[in-house]
Each structure stands twice: as C-alpha cells, then as structure tokens.
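For the sequence shown, the working numbering gives the first residue as 1, with consecutive numbering after it.
Don't read these hints as lab results, they were simulated from the structure.
Hints are not guaranteed to be accurate.
Stated by the list, open to error - Below are the SDA-like pairs computed for lysine to any residue, each with C-alpha atoms no more than 20 Å apart in a straight line:
no.	residue 1	residue 2
1	Lys149	Leu122
2	Lys149	Ala130
3	Lys80	Phe134
4	Lys47	Gly137
5	Lys157	Gly110
6	Lys80	Gly108
7	Lys149	Arg43
8	Lys149	Gly108
9	Lys149	Pro128
10	Lys80	Arg43
11	Lys80	Ala124
12	Lys47	Val73
13	Lys80	Arg19
14	Lys47	Gly121
15	Lys149	Gly110
16	Lys47	Arg28
17	Lys80	Pro103
18	Lys157	Phe134
19	Lys47	Thr34
20	Lys47	Asn94
21	Lys47	His148
22	Lys47	His75
23	Lys47	Ala66
24	Lys157	Leu125
25	Lys47	Glu79
26	Lys80	Gly48
27	Lys80	Thr21
28	Lys149	Gly121
29	Lys157	Val144
30	Lys47	Arg139
31	Lys47	Met87
32	Lys80	Gly18
33	Lys157	Thr105
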Amino acid sequence: MPRRGTGREEPRIEADIGRDTTSLVIRRLPQHITTERLVEVLRESSKGRFDFVHIPHDQQTGLNVALAFVNFVDHDAAEKAYRTRLMRPTGGRNPLGPIRIRPGTIQGLGPNLAYFITRFGLDALEGPSAPQVFEGGQRVPLTVSFLHKYVTVDMLKSQLDELAGSDPVISSRIEDQFSLLFPTEAFAAPRIPADVSLSGDSTAMSSARAWLDGNPTDPSSKDTRDTPDSIVVAPSFRSDLSNSSSDQDVGGVPLSPQGQTSIPGRGLERLAHYSEGGMTVYQL
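Make the full structure from the sequences, and use the hints.
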C-alpha cells in the first residue's frame, strides 16, 4: 500500500450514508492544513452549510494531527461532502489532498459540543485546538448563551454516563462543568464503586472512549478493523503504568505493566500524540 500522502491510492467511497448523518470525520488531513483553510474549503464546497469544525492540534508542534471533525446543517450537505470529498464545484484537484471521509460517531452540533466539553472541559473551548462554530457560514463566538442554545442537559448526561462511570476524578471534573453551564439543574454523578482505587490526579482514564470508537472503518483499510483513531489518557499515565501490577485498560486499549498496547509491535509511548485540555491523545 502506498505510504500516506503520496496520492497513489484513492479511497473508495460508499454509495450512501445514513439519513440521520450530519457529522463527518476527515482522516489523513495534511498537517499543514489550518482550521481557517478548512473553513475556506467548506465554504466553497458546501456553500457555508456547516456549523461545527474541530481540528485537534499538537501543542508542541502546532500542527494538526491529521484529523478533522465537521458537522453540517443538514443531511443533504453532509451527504454531498461525503460523496464529493469536499471537491470544488468547478472540479480540479482536491484542495485537501487524498483525504478519507466517513460518518462520525457523534452526530449533531449540540452532541459534538457536549462530547468536547465532557472530555476536555470548558477551558478548552479557547485556543488553537478549540472547535469553531458557525451560523449562516459565519463564525460566531462560543459563548455560554450559544452553548445553552444547542447543548442540553440530556446531551451532557449522556456523555457523562459513557465517560465517567468508573473514574471518580473525571466524574468530579465533569460535574463541575455541568454546574457551570446549568447551575439550577439537579445533577448526580453516577455512583462510583467502593473498590475503585485512586492514584491522585494522575489516575488513568480507564473508561475514556476513543475519539472515533465505534466508527465504521475505511472500506479500503483491511488492517484497522475495530481500531480507534485515538485514545485519551490522563497527563501522567506513565506513573500510573509504572505503579501498576496488573493489566490496565486505557482508552479501550489494554496495557501491560510495561506500558505496551495489545496492538502488535506498537508501544503506547511511541505513538504520535498531542496534548489537549490537560489530557494526552495518542494516535493509533
């Protein structure tokens, strides 16, 4: 298989996507592509029919991590972007190169914002890795009033139920975020089992889900079945691993005491990674 970026292999595109699909994930995004450049392409290819764009960046290099998350205002706009791979209406070469596009696990503007907030907190809504939101194709500020307009209590609770059920550190942090957004709502975090052991603030996010966990794999990729695009772990996972005496599960990838993933020949510490919202995201 040609190496990434050579442009020698075009990904196969499925004939259709689900009727409820509005959110797409762009993979193999060239690392020099900025959010501003992607927004330009989206405006040209979809006539501004998008409302959420998120390109995670590596805080050390300032480059993107070859992923982008986009939500469109309706299914028709998403289906066209999926089918054309964001090509210009006038044709020509794809301005983003040999990207791959597939439906996202999280669908909709509000759920995508709720997902981001529960993973990284409200403070992460600022900075180069923060998502951008749009109305009528124009960027608007991510204010509390905007969040109240699109993010509901049920959306946050749904994400919390998936993420924080077995990690008291995460549960406490997300409960604080919930209280800031909805101070008048009664909220009870899931009960934490009494036998859960802690290791200070560096407790590994054993229940953190992958960014794209559960997404369909690329049709042209035969060796990535059921493999998430990334995993999220707490800042000091190394100390957690060194103090462990049994196998752990960090972001859905089993780890041995030596910190090796169950993926043959790949150690977690050697994976490409970036920092975001106080967490470390490892690319698989």
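Okay, the hints, checked on the actual structure:
1. Lys149 x Leu122: holds (16 Å)
2. Lys149 x Ala130: holds (18 Å)
3. Lys80 x Phe134: holds (19 Å)
4. Lys47 x Gly137: holds (8 Å)
5. Lys157 x Gly110: Given pair Lys157, Gly110 holds - Cα atoms ~13 Å apart, limit 20 Å.
6. Lys80 x Gly108: Holds - the C-alpha atoms of Gly108 and Lys80 are around 16 Å apart, at most 20 Å.
7. Lys149 x Arg43: violated (23 Å)
8. Lys149 x Gly108: holds (13 Å)
9. Lys149 x Pro128: violated (23 Å)
10. Lys80 x Arg43: Holds, because 13 Å separates the two Cα atoms, which is no more than 20 Å.
11. Lys80 x Ala124: With a Cα-Cα distance of about 31 Å, the restraint between Lys80 and Ala124 is violated, given a limit of 20 Å.
12. Lys47 x Val73: Distance ~11 Å between Lys47 and Val73 Cα, so the pair holds.
13. Lys80 x Arg19: holds (12 Å)
14. Lys47 x Gly121: violated (31 Å)
15. Lys149 x Gly110: Status holds; Cα separation ~9 Å.
16. Lys47 x Arg28: violated (23 Å)
17. Lys80 x Pro103: Holds, at about 12 Å.
18. Lys157 x Phe134: violated (24 Å)
19. Lys47 x Thr34: holds (19 Å)
20. Lys47 x Asn94: holds (16 Å)
21. Lys47 x His148: Between Lys47 and His148 the Cα gap is close to 26 Å, so the pair fails against 20 Å, i.e. violated.
22. Lys47 x His75: holds (14 Å)
23. Lys47 x Ala66: violated (24 Å)
24. Lys157 x Leu125: holds (19 Å)
25. Lys47 x Glu79: Roughly 14 Å separates the two Cα atoms, so the pair holds.
26. Lys80 x Gly48: Status holds; Cα separation ~13 Å.
27. Lys80 x Thr21: holds (11 Å)
28. Lys149 x Gly121: Judged against 20 Å, a Cα distance of about 18 Å means the pair holds.
29. Lys157 x Val144: holds (18 Å)
30. Lys47 x Arg139: holds (14 Å)
31. Lys47 x Met87: holds (12 Å)
32. Lys80 x Gly18: Measuring from Cα to Cα gives roughly 13 Å; hence the hint holds.
33. Lys157 x Thr105: holds (17 Å)
Checked against the numbered hints given earlier, the structure breaks hints 7, 9, 11, 14, 16, 18, 21, 23 and satisfies all the rest.
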